[in-house]
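Q: Sequence:
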Amino acid sequence: MKLCRYGEPGAEKPGLIDADGRIRDLSGEVDDIAGDALSASSLDRLSKIDPASLPMVAGDPRYGPCVGAIGKFMCIGLNYSDHAAETGAAIPEHPILFMKANSAIVGPNDDVVMPRGSEHTDWEVELGVVIGTTCKYVSEADALDHVAGYCVINDVSERHFQTKLTGQWTKGKSCDTFGPTGPWLVTKDEVGDVQDLAMSLDVNGKRMQTGSTSTMIFTVTQCISHLSQMFTLHPGDVISTGTPPGVGMGIKPEPVYLKAGDVMELSIEKLGSQRQTVRADQ
Numbered sequence: 224m225k226l227c228r229y230g231e232p233g234a235e236k237p238g239l240i241d242a243d244g245r246i247r248d249l250s251g252e253v254d255d256i257a258g259d260a261l262s263a264s265s266l267d268r269l270s271k272i273d274p275a276s277l278p279m280v281a282g283d284p285r286y287g288p289c290v291g292a293i294g295k296f297m298c299i300g301l302n303y304s305d306h307a308a309e310t311g312a313a314i315p316e317h318p319i320l321f322m323k324a325n326s327a328i329v330g331p332n333d334d335v336v337m338p339r340g341s342e343h344t345d346w347e348v349e350l351g352v353v354i355g356t357t358c359k360y361v362s363e364a365d366a367l368d369h370v371a372g373y374c375v376i377n378d379v380s381e382r383h384f385q386t387k388l389t390g391q392w393t394k395g396k397s398c399d400t401f402g403p404t405g406p407w408l409v410t411k412d413e414v415g416d417v418q419d420l421a422m423s424l425d426v427n428g429k430r431m432q433t434g435s436t437s438t439m440i441f442t443v444t445q446c447i448s449h450l451s452q453m454f455t456l457h458p459g460d461v462i463s464t465g466t467p468p469g470v471g472m473g474i475k476p477e478p479v480y481l482k483a484g485d486v487m488e489l490s491i492e493k494l495g496s497q498r499q500t501v502r503a504d505q
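Here this note's numbering = 1-based position in the sequence shown + 223.
The set of hints was computed from the structure by calculation and includes no laboratory data.
Hints are supplied without guarantee of correctness; some may be wrong.
[To be verified] Dumping the calculated BS3-like pairs for lysine-lysine here, alpha-carbon to alpha-carbon at most 27 Å:
(1) K411 to K359
(2) K429 to K493
(3) K359 to K295
(4) K429 to K271
(5) K429 to K359
(6) K475 to K429
Given only the sequences and the hints, what does the whole structure look like? Please build it.
A: In structure tokens:
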């Protein structure tokens, strides 16, 4: 099942993608793709609805972030062995965690806005994990029981802010629009083996990232279990699980970064695609 949110920013409605790729309105069934609507019982109920019985959404509306009212936006750094190698970083002993401000969250095809003075804005295609039920101290064996589904995330990063402005990576990760999320939340039953999904990202039609979730250092279950040992994970929390190689900062002999007018196109197998145009903040 593919769930989405559509409409203007701040006024998105819940939707379901039917077999023909059309949006069906779910407003009569749930208030939003958020909170309790992400529970196993809620998703089971929604899966039993005949999409043809739902109103079809006319036109070509904007896709909003596929999860509403996201609680924590957690990101795992250096979580692909081949990405760690391209940056010259050591393989981490435990998952590296940083947070992305919720004000960074935008729709999958919304513009990415480089902050004033930015000269090092970079791209990162990532698998997003959406928590569906509350968990704490969960084992790896039980971790996926608490997952509602998965989505595509672009962990846009300003590398100078991230590494040169003294402090945590959050400075370079939380700029407005630096968290495109969606287009859909795909429930875990439809995804199958989450550790075997192809990933890619193009800039201006040129392939920059090619990878697979199979090269994660810490798997989805390991990340969920590890984080839950320290704090409670709630419905609507999102974990962005790291990026494969091919980011701009890793290009030799000189890094390559985004500029106004560039277009990023990224996709993950079974989870859909995103497309963002880059523009400079005024």
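Q: Take the hints in turn and mark each one as holding or not.
A: Do the hints match the structure? See the list:
1. K411 to K359: Holds: K411 and K359 sit about 20 Å apart, inside 27 Å.
2. K429 to K493: Holds, because 22 Å separates the two Cα atoms, which is no more than 27 Å.
3. K359 to K295: holds (14 Å)
4. K429 to K271: Outside the cut-off at roughly 41 Å; violated.
5. K429 to K359: violated (42 Å)
6. K475 to K429: holds (16 Å)
Violated hints for the displayed structure, listed by number in ascending order: 4 and 5.
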